[in-house]
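Colleague: Given next are the chains, with one letter for each unit.
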Amino acid sequence: MSDSEKPYLHFPKWANKVPVIVATVGGLLTVYVIVLLGYGANARTLNVGYAPVQPVPFSHELHAGLLGINCEYCHTDVKRAGYAALPPTQTCMNCHAEIAPKSKKLAWIHKSYATGLPVPWIKVNDEPDYVYFNHAAHVNAGISCLTCHGHINEMTRVYQAKPLNMAWCLACHRDPAPHLRPRNEVTNLQWTPNNKARLAHDLNLTVATLPKNLGQYLMKRYKIPSTKLLTDCETCHR
Amino acid sequence: MVNRVLIIGSLILAALIPLAVIALRRNEHSPTPRFHIMLGMDKMAYRKPQRPSKFFADGRAMRPHIAGTLARQDFIYNNEAQMRLTPNNWKLDHVVLNTRHKYERVLLGQVLGGGQGRFITHIPIPVTKALVHRGQQQFDIFCMPCHGANGRGNGLVNQWVHKLRQAGSPDAGTWVRPTDLTSPAVTFLPDGGIYSIIVNGVAGMPAYKDQIAVVDRWAIVAYVRALGLSGKAVSAARLPVKVRASLAAGKKH
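From first to last, the protein sequence lines are chains A and B. Using this note's numbering, read the first sequence as starting at 1 and increasing by one per residue. Using this note's numbering, read the second sequence as starting at 1001 and increasing by one per residue.
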């Protein structure tokens, strides 16, 4: 028996590659997991697109889109209160006492009207209870429903259109100017800043005196508070 | 060698599956609620508007309005207008405590102390340009769907139901075409009469007192008046020469 034949542990030749393989596979796996988590567990993926099946198949596309009913007809308090209430059954009966009075889809509305019990609508956009949000403050500052709820007037079933997480709120609170529009156009989801005549009318100006930078102009006109105040923890967690 | 390619290839494919699932999830609408990684303090026991509550027997956190009472903030909301509404600028508490009955009559557009069906003839608050603008805005929210932007009674809802009726659909129900607001049926009413219709409804039209605040009702009355006048407008060319001349001279008519 020569020395070389003694039963020592010999690393086989391929063992030289192990560190390289471990490093590559491990590296790739880490990148993969990071990508997977970043893509899969972010607020955009988790929160957006929630569309519960409601007790009444109410369609905003029909009512707010085709019939052109203003959001405020039903969400009456949105400019006055923090909470944008869902309409009471009476609001539906304004029309449905006469239109489609026998429709099965309206069964819950009739039941609610007869008994006084509320329709069990399921909340779509839902902030955690430790967050303070206020509709009137935003809507009266010239921020449209469109910015936060998407094209509601094209939805047959309402879905959550924006992530509504803290990063999303802050992105706007750091720089609200590009999102502002005249106050009386907030419920007009088809609004465009390019219609100068209408813009002038809304702002009580003439086309010639329209400001060059609408966002900055409205920041001053609506007295939007400083970024410091808007990004203070106490503003949203009070 | 071929084996190795196969294995690595299928590994890569397998690795793509979760990504594809996520991509799909990002672009579809799902009826399953948001996934809370940690519930933490997301759901707390305090009462929120329009939310259920285990405390009350009917399961509602928001308490229904008690008949015959006025919620405090209702009064504060409309307080300014209501003060001005009352002819002598009564003090707020005085209105509530002593003249509740009269005060309600004013709200209903009826003459103070007048008999049933007698209405205030003129809008009891100053009619300014701002009020008429406000009226237009509120009109477009609450009246336009049925009465139409020009008040002629052919709003989008009426057009829709008209189509249903033509197609013989039972969904057209008992709908009748809304009144033309520029017709004598409305222009002959006193201001309080129009106000009263907003508050109490009439024929097929429901009452809007729960949806429209007091000032806004009067603002709408002012705007409906403007619509009525616009309905009567004629081209200046068709006016008698004398009238045209005096108009040109800036006299009032």
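Read the hints as simulated data drawn from the structure, not as lab findings. Please note that the accuracy of each hint is not assured.
[Stated by the list, open to error] Cut-off 27 Å, straight-line C-alpha distance, at most; resulting in silico cross-link-like pairs (DSS-like, lysine-lysine):
id : chain 1 : residue 1 : chain 2 : residue 2
1  : A       : Lys79     : A       : Lys104
2  : B       : Lys1054   : A       : Lys104
3  : A       : Lys223    : B       : Lys1129
4  : A       : Lys196    : A       : Lys79
5  : A       : Lys123    : B       : Lys1054
6  : B       : Lys1048   : A       : Lys111
Colleague: Quick one: which hint numbers does this structure break? Sort them smallest to largest.
Modeller: 1, 2
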